[in-house]
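Chains A and B, in that order, give the protein sequences.
Position one of the first sequence corresponds to residue 1 (our numbering), numbered consecutively onward.
Position one of the second sequence corresponds to residue 1 (our numbering), numbered consecutively onward.
A hint or two may mislead.
[Said to hold, decoys possible] Coverage of chain A stretches by chain B, computed from C-beta distances (three or more under 8 Å per stretch; other residues unrestricted): (1) 28 to 36; (2) 92 to 103; (3) 149 to 159; (4) 189 to 202; (5) 206 to 220.
Think of the hints as simulated: they come from the structure by calculation, not from any bench.
Beta carbons: idealized from backbone N, C-alpha and C, even for Gly.
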Amino acid sequence: MRSKLWLLSVAALIFLLSAMKASAQGCITFQPDFSAYTDESTDGTNIYTSVTIDGTGDMIIASGCYTPPNIIHTASADNVIGTTGGWGPGDSGCPDCYLSSTNNQEVPYLGQNYNFQWSVQAICSVAGPVWGSGGAGTVGVSVGNFLNSGPGGIYPNGCLFKLSCPNGTKSECAPSSVSTQGSDCNYTYDHEYYLTWTPAGGQTDCFAPNLGKVSDSPVNCH
Amino acid sequence: MWGVSVIYRVPTLLISALFTLACALQAQSNPSAMHQMSVSSTTIDGAVHPEQIPDSTAYRLYLIATSEPASPTTEQVRRQNARLNKVGLNDKDRQTVASVLATFNLKYHDWINRYNEVASAAWAQHQSFDKTSLLLERDNLVQATRDELQSKLSTDGWTRFDAHVKSEKKHMRISVPEAKP
Numbered sequence: 001m002r003s004k005l006w007l008l009s010v011a012a013l014i015f016l017l018s019a020m021k022a023s024a025q026g027c028i029t030f031q032p033d034f035s036a037y038t039d040e041s042t043d044g045t046n047i048y049t050s051v052t053i054d055g056t057g058d059m060i061i062a063s064g065c066y067t068p069p070n071i072i073h074t075a076s077a078d079n080v081i082g083t084t085g086g087w088g089p090g091d092s093g094c095p096d097c098y099l100s101s102t103n104n105q106e107v108p109y110l111g112q113n114y115n116f117q118w119s120v121q122a123i124c125s126v127a128g129p130v131w132g133s134g135g136a137g138t139v140g141v142s143v144g145n146f147l148n149s150g151p152g153g154i155y156p157n158g159c160l161f162k163l164s165c166p167n168g169t170k171s172e173c174a175p176s177s178v179s180t181q182g183s184d185c186n187y188t189y190d191h192e193y194y195l196t197w198t199p200a201g202g203q204t205d206c207f208a209p210n211l212g213k214v215s216d217s218p219v220n221c222h
Numbered sequence: 001m002w003g004v005s006v007i008y009r010v011p012t013l014l015i016s017a018l019f020t021l022a023c024a025l026q027a028q029s030n031p032s033a034m035h036q037m038s039v040s041s042t043t044i045d046g047a048v049h050p051e052q053i054p055d056s057t058a059y060r061l062y063l064i065a066t067s068e069p070a071s072p073t074t075e076q077v078r079r080q081n082a083r084l085n086k087v088g089l090n091d092k093d094r095q096t097v098a099s100v101l102a103t104f105n106l107k108y109h110d111w112i113n114r115y116n117e118v119a120s121a122a123w124a125q126h127q128s129f130d131k132t133s134l135l136l137e138r139d140n141l142v143q144a145t146r147d148e149l150q151s152k153l154s155t156d157g158w159t160r161f162d163a164h165v166k167s168e169k170k171h172m173r174i175s176v177p178e179a180k181p
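All chains should be modelled from the sequences, with the hints used to inform the complete structure.
Following this line, the structure appears as structure tokens:
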């Protein structure tokens, strides 16, 4: 009788250990459905960056599992350009709620490049991070100096400006020529500005943000 | 007699205690189990696989990030203009886009509020809710905004806008369910 009772004790212990293992696995699962988007732009005066996180998720609690009260999920975005910015306040709600948050930053364009670092994260107040992503790169502005070479280009009665970088400087983004028309043809130079984005370890992308200024004075290319 | 009783009673009590504890754990009544939440997803990087970012997702993210309220601040106008500069629109098309995006901004936030009312109520009651139909409403709103832009912009403006949004996939990342073995 005594040995049977001890045998039952051992069986109960094994049951206990298996139950402990089960409690740590598969009780609660979360299927994130989030997206992130980053944007860099300029108006020639400032450089703007934005980081967006948007989405929701499915939290599934297995039958019989304990559900702690007041679980909060928060989606937030970190946006640092140069030394400006940081984590935004984010958007919070229930575990199955839809969360959307955009963190905008801006810095003055002073001719230099800026490091741009970003992260997004969806965090559960009880379980910690449930989804995240991030990246880094360099944002800057490239300048092309174009010299008026007379009638030509794509516009009727327009004129053609050819790239002419003074003092041996080079433009990272400028094409060999640009076309213009109207009173712009009365000027000697056209300065075109391009936004550049170089992801860490990647190649530079150039965006032409429609920022051209005619002038009778040249500027250095870069 | 007393000694024999103790010999039998100790294992009996031990068995009872262990079974009680095991059953309690089996029922997952330990809140610390929450910390063991399993998360299953993988992330698609649009810079590497832009073809795996759906157009509807690209439009949604672009519209969210670029839209501003109907009565924007000076700072919001500057920021939006800088973003739209990259598209290469003429002034008329740019104003059209700003107006359509302001309407989208309002409707999108209304939709999020409605979604969260339903989700919060269901969560409080430990019930599920019809997430699919709500997400379909979101996608329909994005599609309707896209259709409105196509109908109101000049042909050249729409071509530029559509190409720009799709090219922005390289700045997007999305989570997708992990393939089950």
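So, against the hints stated earlier in the document, which numbers end up violated here? 3
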